[in-house]
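A.B. asks: If you want the building blocks of each chain, they are given just below.
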Amino acid sequence: MPDELERDLLSLFVQGDLDAFESLFKQFQVDVYRWAVRIVRDPSTAEDVLVEAFWRAYRGRGQFDPSRSFGAWMRRIATNVARDHLKATRPRAGWSATDDEIPAPASSDCDLGEAVALAFRKLPPKLQVVATLALIEEQPYAEIADVLDLPIGTIKSRVFRAVRALRKELARLGIQP
Amino acid sequence: MIDDDRLQHLLRSAFPPIADQEPSRDLWPLVVNQIRAPMKRLWLDISLAAVIAILLMMFPEWLSLLAYHL
Chain A
1 MPDELERDLL SLFVQGDLDA FESLFKQFQV DVYRWAVRIV RDPSTAEDVL VEAFWRAYRG
61 RGQFDPSRSF GAWMRRIATN VARDHLKATR PRAGWSATDD EIPAPASSDC DLGEAVALAF
121 RKLPPKLQVV ATLALIEEQP YAEIADVLDL PIGTIKSRVF RAVRALRKEL ARLGIQP
Chain B
1 MIDDDRLQHL LRSAFPPIAD QEPSRDLWPL VVNQIRAPMK RLWLDISLAA VIAILLMMFP
61 EWLSLLAYHL
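First to last, the protein sequences are chains A and B.
Using our numbering, read the first sequence as starting at 1 and increasing by one per residue.
Using our numbering, read the second sequence as starting at 1 and increasing by one per residue.
These are computed hints drawn from the structure, not numbers from a lab.
Be careful, since some hints might not be right.
Stated by the list, open to error - Partial selection, computed: residues in chain B whose CB lies under 7 Å from chain A: (1) His9; (2) Arg12; (3) Asp20; (4) Pro23; (5) Asp26; (6) Leu27; (7) Trp28; (8) Leu30; (9) Gln34.
Quick reminder that beta carbons are idealized off the backbone N, C-alpha and C, glycines included.
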C-alpha cells in the first residue's frame, strides 16, 4: 500500500506528469528488470522488456489505481511483455517436430540439459512463464498468482500442465533418465 | 518416467539461477523516446493533412485529380 507521498506521485503519473513517471522509473526499474530477467533469462532482452513495460505503463496510466501497488502493477506488465517476447522467439508453434530436429538420445548430463532446455523453450509461453517462476526461480505460488492476477488454482494447474508437457516432450525425444 | 524432483533438478541445471543484476545502462532515455515517438508521428500526420488542405483550397481543381487517385 503506497504512503501519502508516493500516492501523490502516483496521482501525478496518472495525469501524465513525465517527471513523476521518471521518479517512479528510477525507483522501480531494478525490481522490474530483475523480475524480467528471471523470465527471459537474458540480460539484454530483459532491458528491452523493461523499456517496453514502462512504455506500456505510461500508455495505460489511465487504468492504474493510485491506491494500489505500482511495483506489483509493473511486474504484471513486465510479465506480459516477457510472455510476448517468449511467444515471438519460441522455437516452434506446435509440439510436432521433424526427425532431423530430434536429438540423439542423451548420453550425458550435458546432452540431457540441452534436451531439457529445448523441450522447455517449446512450452506454450503462458506455461513457460509460470513454470520458470515456480520451478526454476522457486517463487511462492501466491506471489505468482498475485503478479499474474490469477487464482492460485490456475497457477497450480499451469505448473501441472507444464510438467506433463515437458515429460511428454522428453519421452518423445527418447529421454528416460 | 521422470519424477517431479528430478525434473525440477534438470530444469534448474539447464537454467541456472540468475544473480541479482541491474540494467547495464540508463534506460530512461529509451523509455522517453518510445513515449514521444507516437507524438512525433501524430504531428507529422497533422502537418501533412494541413498541407494537403491548403493546396486543395488554393487549387480546388486538384480535388478531382486526388479523388481519381484515391
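A.B. asks: Would you mind marking each hint as holding or not holding in the structure?
C.D. replies: Quick rundown of the hints versus the structure:
The interface hint given for B:His9 is broken, as the beta carbon of that residue sits about 10 Å from the closest beta carbon of chain A, more than 7 Å. At a threshold of 7 Å, the smallest CB-CB gap from B:Arg12 to chain A is about 6 Å, leaving the interface hint in force. With its C-beta approaching chain A no nearer than about 6 Å, B:Asp20 sits inside the 7 Å limit, and its interface hint holds. At its closest, the beta carbon of B:Pro23 sits 5 Å from a beta carbon of chain A; the interface hint therefore holds under the 7 Å criterion.
Because the closest C-beta pair between B:Asp26 and chain A is about 9 Å apart, greater than 7 Å, the hint is violated. With a least beta-carbon distance of about 5 Å to chain A, the hint placing B:Leu27 at the interface is held under the 7 Å criterion. A cut of 7 Å between beta carbons decides the hint on B:Trp28: the least distance to chain A is about 6 Å, and the hint holds. For the restraint placing B:Leu30 at the interface with chain A, the shortest Cβ-Cβ distance is roughly 5 Å, inside the 7 Å limit, so the hint holds.
With a least beta-carbon distance of about 4 Å to chain A, the hint placing B:Gln34 at the interface is held under the 7 Å criterion.
Against the hints set out earlier in the document, violations occur for numbers 1 and 5.
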